[in-house]
Amino acid sequence: MGVNLTEKWERDVRGVRVIDGFLSTAEQVAIVEDVRAVARMAPFIRPMTPRGRPLSVRMTSAGALGWVTDQKGYRYEVRHPSGEPWPPIPVRVRAVWDAVVPTARPPESCLVNWYGPDAKMGMHVDRDEADPAQPVVSISLGDDALFRIGNPERGGKTESLWLRSGDVLVMEGPARLLHHGVDRIAPGTSTLLDAPGRINLTLRVVT
DNA sequence: CAGTGTCG
DNA sequence: TCGA
Numbered sequence: 000m001g002v003n004l005t006e007k008w009e010r011d012v013r014g015v016r017v018i019d020g021f022l023s024t025a026e027q028v029a030i031v032e033d034v035r036a037v038a039r040m041a042p043f044i045r046p047m048t049p050r051g052r053p054l055s056v057r058m059t060s061a062g063a064l065g066w067v068t069d070q071k072g073y074r075y076e077v078r079h080p081s082g083e084p085w086p087p088i089p090v091r092v093r094a095v096w097d098a099v100v101p102t103a104r105p106p107e108s109c110l111v112n113w114y115g116p117d118a119k120m121g122m123h124v125d126r127d128e129a130d131p132a133q134p135v136v137s138i139s140l141g142d143d144a145l146f147r148i149g150n151p152e153r154g155g156k157t158e159s160l161w162l163r164s165g166d167v168l169v170m171e172g173p174a175r176l177l178h179h180g181v182d183r184i185a186p187g188t189s190t191l192l193d194a195p196g197r198i199n200l201t202l203r204v205v206t
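Just so we're aligned: 1 in numbering that gives the first Met the number 0 is position 2 of the first sequence, and the numbers increase by one with no gaps anywhere.
Simulated from the structure, these hints should not be mistaken for laboratory data.
No residue lacks a Cβ here, since even glycine has one placed at the ideal position from N, Cα and C.
You may find that some hints are simply not true.
As the list claims (entries may be wrong) - What follows is a set of in silico ranges between Cβ atoms, one per label pair, in the way DEER data are often shown:
1. T102 - G180: 25 to 31 Å
2. P151 - P53: 24 to 30 Å
3. G187 - R39: 25 to 31 Å
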């Protein structure tokens, strides 16, 4: 199944590209099935901050490297905590990267964040990658999420936007290093998933 | 190293 | 929302 290149609407928020409705419903369904296959090989875990607080999201990865956090700190690892390597990035997910950032290097990591109805993600900067000149691509699936974009430093004025299932967000250029996070999920706004919640896929070049 | 969390 |  190809990536839908029509019927999309692109916005710009502080240099962050938001492509509304990038994925058709059929593409979203197919990618959710891909995520289920990834999770069978690399089960979702509840990550902990280095200080021992649980994150509210469940997390797994695909690709050569997966982002992990635990008592040892934030880092990329070549294996799931089980000791198994991460499964490959699904072809249809990779196709989204190729379509929206065609000149970038290939993605090395696809972080899978599963937000339950009450899950959030605090404001942070993606700073564990060696080359921040490479973009970050984020795919939203399931319930709507209130996404907040801030500044290069902590604090200051922020802008919020709702991300809906099938939207694709690109952080590149100066926007690559902006603070961002998810304030809340709106349960029941999508029927894509079996249960209330949201799945976000984040594609990155790591090395 | 860690605030990718929690509180007011 | 945003500072601690």
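Hint by hint, here is what the structure shows:
no., hint, in the structure
1, T102 - G180: 25 to 31 Å, "28 Å, holds"
2, P151 - P53: 24 to 30 Å, "28 Å, holds"
3, G187 - R39: 25 to 31 Å, "26 Å, holds"
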